[in-house]
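Chain residues, written in single-letter form:
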Amino acid sequence: MKKLQILGTGCSKCKRLTEQVEQAANELGLEHEMVKVTDLQEIISFGVMRTPALAVDGQVKVAGNIPSIDELKRMIA
Amino acid sequence: MKNELLLERRLPSKRRWSWPSRNVLLMTGALAIWWFLYGQLPSFSSWVTHSLLRLSADTHIGSAAEFFIYEAPKVLMLLALVVFGVGMLRSFVTPEWTRKILAGKRESVGNVLASVLGVFTPFCSCSAVPLFIGFVAAGVPLGVTFSFLIAAPMVNEVALVLLFGLFGWRVAALYLSTGILIAIIAGWTIGRLHMEKYVEEWAFKAQVGSDPGLETGLSWDDRINRGLQAVREVVSKVWMYIIIGIAVGASIHGYVPADFMASFMDKGAWWSVPLAILLGIPMYSNAAGIIPVVHALLEKGVALGTVLAFMMSVIALSLPEMIILRKVLKLRLILTFVGVVGLGILMVGYLFNLLL
Numbered sequence: 001m002k003k004l005q006i007l008g009t010g011c012s013k014c015k016r017l018t019e020q021v022e023q024a025a026n027e028l029g030l031e032h033e034m035v036k037v038t039d040l041q042e043i044i045s046f047g048v049m050r051t052p053a054l055a056v057d058g059q060v061k062v063a064g065n066i067p068s069i070d071e072l073k074r075m076i077a
Numbered sequence: 078m079k080n081e082l083l084l085e086r087r088l089p090s091k092r093r094w095s096w097p098s099r100n101v102l103l104m105t106g107a108l109a110i111w112w113f114l115y116g117q118l119p120s121f122s123s124w125v126t127h128s129l130l131r132l133s134a135d136t137h138i139g140s141a142a143e144f145f146i147y148e149a150p151k152v153l154m155l156l157a158l159v160v161f162g163v164g165m166l167r168s169f170v171t172p173e174w175t176r177k178i179l180a181g182k183r184e185s186v187g188n189v190l191a192s193v194l195g196v197f198t199p200f201c202s203c204s205a206v207p208l209f210i211g212f213v214a215a216g217v218p219l220g221v222t223f224s225f226l227i228a229a230p231m232v233n234e235v236a237l238v239l240l241f242g243l244f245g246w247r248v249a250a251l252y253l254s255t256g257i258l259i260a261i262i263a264g265w266t267i268g269r270l271h272m273e274k275y276v277e278e279w280a281f282k283a284q285v286g287s288d289p290g291l292e293t294g295l296s297w298d299d300r301i302n303r304g305l306q307a308v309r310e311v312v313s314k315v316w317m318y319i320i321i322g323i324a325v326g327a328s329i330h331g332y333v334p335a336d337f338m339a340s341f342m343d344k345g346a347w348w349s350v351p352l353a354i355l356l357g358i359p360m361y362s363n364a365a366g367i368i369p370v371v372h373a374l375l376e377k378g379v380a381l382g383t384v385l386a387f388m389m390s391v392i393a394l395s396l397p398e399m400i401i402l403r404k405v406l407k408l409r410l411i412l413t414f415v416g417v418v419g420l421g422i423l424m425v426g427y428l429f430n431l432l433l
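Which chain is which? The protein sequence lines are Y and V, in order.
To convert, note that position 73 of the first sequence is 73 in my numbering; the numbers rise steadily by one, no gaps.
To convert, note that position 41 of the second sequence is 118 in my numbering; the numbers rise steadily by one, no gaps.
Calculated directly from the structure, the hints in this document are not laboratory data.
Note that this is a predicted model, so its numbers are computed, not measured.
The beta carbon of each residue, even a glycine, is placed where N, CA and C say it ideally should be.
One or more hints might be untrue.
[Said to hold, decoys possible] Below, computed lysine-lysine pairings styled on DSBU-like, alpha-carbon distance capped at 30 Å:
#1 Y:K36 - V:K282
#2 V:K274 - Y:K61
#3 Y:K15 - V:K407
#4 Y:K2 - Y:K13
#5 Y:K61 - Y:K36
#6 V:K404 - Y:K13
[Stated by the list, open to error] Cβ-Cβ distance ranges computed for the label pairs, FRET-style:
#7 V:E184 - Y:E31: 43 to 53 Å
#8 V:G245 - Y:S68: 32 to 42 Å
#9 V:G106 - Y:M1: 43 to 53 Å
#10 Y:K36 - V:F169: 39 to 49 Å
#11 Y:A77 - V:G290: 55 to 65 Å
#12 Y:L30 - V:S120: 32 to 42 Å
#13 V:S123 - Y:D70: 39 to 49 Å
#14 Y:M34 - V:E184: 41 to 51 Å
#15 Y:S68 - V:K177: 26 to 36 Å
#16 Y:M34 - V:P119: 23 to 33 Å
#17 Y:G29 - V:V325: 49 to 59 Å
#18 V:S296 - Y:A77: 17 to 27 Å
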């Protein structure tokens with residue numbers, strides 16, 4: 001079970017990243033848990049200065065941009 | 078151990094360098110095609126207007142159509158090229174890198190550096206708070222952080238190159254130098270005012286995680302992809318505003334008498350600059366979207382200082398960003414920020430109206 005965390009305060013880009021990650025995970029058939037991290041202090045504790053960001057099992061993989069589905073698949077697999 | 082890691086990272090990128098990948102070659106070809114098409118635009122627009130639509134250059138509708146058919150693809154092509162370049166550049170100049178450079182710098186030097194780096198560092202207003210805390214917690218002084226926060230949206234590289242394309246290097250240089258100057262002085266002033274107590278306390282105590290270092294191992298393919306991704310993102314967001322803006326510009330170009338706009342935004346009227354700034358605050362546009370409006374205003378003889386003040390106010394003093402910053406700044410500091418930046422823009426506006 002992968003823990004996928006979307007870090008962001010809820011701007012439109014965060015929603016788009018969430019959708020993309022969801023799609024990538026579903027296409028892989030990956031067993032996962034999606035968590036939205038909206039608390040600023042928690043976001044900052046990841047060392048992230050740009051949102052939206054994606055952390056896989058606690059490790060930041062994306063910050064400030066929205067990668068393609070293929071790239072995301074490689075990151076979460 | 079550390080050396081081994083470095084070596085490991087370097088080897089694959091060396092291999093990539095020895096033979097340019099397919100994407101790099103494709104990109105070079107695309108650039109050449111871009112260059113060719115860009116050069117054909119004037120003759121294309123006059124051909125469509127006069128031969129295809131059979132409109133005479135002497136009629137209003139003819140000159141408006143020619144203006145639109147030339148300007149719309151020109152601005153969009155410039156936009157795509159610049160956004161692509163900046164998107165690639167931004168995979169090198171990240172906020173994390175900037176923070177490393179600014180941490181521990183003295184105030185005056187820091188203000189200058191932060192303002193210059195702010196021009197090139199990626200920054201979207203929804204990231205304002207994490208960025209602010211990331212800087213302050215790493216020991217970047219408050220005033221220096223503000224210099225960065227002011228310069229980043231104010232001197233927008235997209236606006237800069239669009240200004241260059243539409244009005245020439247003089248206007249672009251004025252915009253760049255005054256924008257940086259305002260960021261330096263406003264940030265320095267905020268630093269002098271010692272307003273640290275108007276930052277929400279939790280910001281200083283926040284546990285800042287270590288830099289994930291995402292951009293260090295990127296290949297040229299990755300960076301090209303970043304550029305393309307930026308083009309998709311920005312162009313899909315602003316193309317409509319640009320078309321509308323140029324259409325408005327075209328209709329003014331053809332129809333409205335030249336002194337109509339100038340009469341109520343004349344440089345003789347002292348209140349035109351403050352009015353332009355006040356009008357700009359609730360308006361929220363990114364820098365690329367505002368350029369066509371700027372174009373239309375200048376074309377109709379509104380004084381350059383007034384137009385510049387309006388544009389800076391729209392992009393640097395935005396209501397949504399202030400609301401986001403309220404999470405970490407107390408009202409008094411936000412008002413000071415608006416006041417200091419507004420005053421700087423006011424002075425720039427008056428200065429240019431006086432000089433030009």
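We went through each hint and held it up to the structure:
no., hint, result
1, Y:K36 - V:K282, "holds, 23 Å"
2, V:K274 - Y:K61, "violated, 35 Å"
3, Y:K15 - V:K407, "holds, 28 Å"
4, Y:K2 - Y:K13, "holds, 22 Å"
5, Y:K61 - Y:K36, "holds, 15 Å"
6, V:K404 - Y:K13, "holds, 19 Å"
7, V:E184 - Y:E31: 43 to 53 Å, "holds, 52 Å"
8, V:G245 - Y:S68: 32 to 42 Å, "holds, 38 Å"
9, V:G106 - Y:M1: 43 to 53 Å, "holds, 45 Å"
10, Y:K36 - V:F169: 39 to 49 Å, "violated, 30 Å"
11, Y:A77 - V:G290: 55 to 65 Å, "violated, 21 Å"
12, Y:L30 - V:S120: 32 to 42 Å, "violated, 54 Å"
13, V:S123 - Y:D70: 39 to 49 Å, "holds, 44 Å"
14, Y:M34 - V:E184: 41 to 51 Å, "holds, 44 Å"
15, Y:S68 - V:K177: 26 to 36 Å, "holds, 29 Å"
16, Y:M34 - V:P119: 23 to 33 Å, "violated, 52 Å"
17, Y:G29 - V:V325: 49 to 59 Å, "holds, 51 Å"
18, V:S296 - Y:A77: 17 to 27 Å, "holds, 19 Å"
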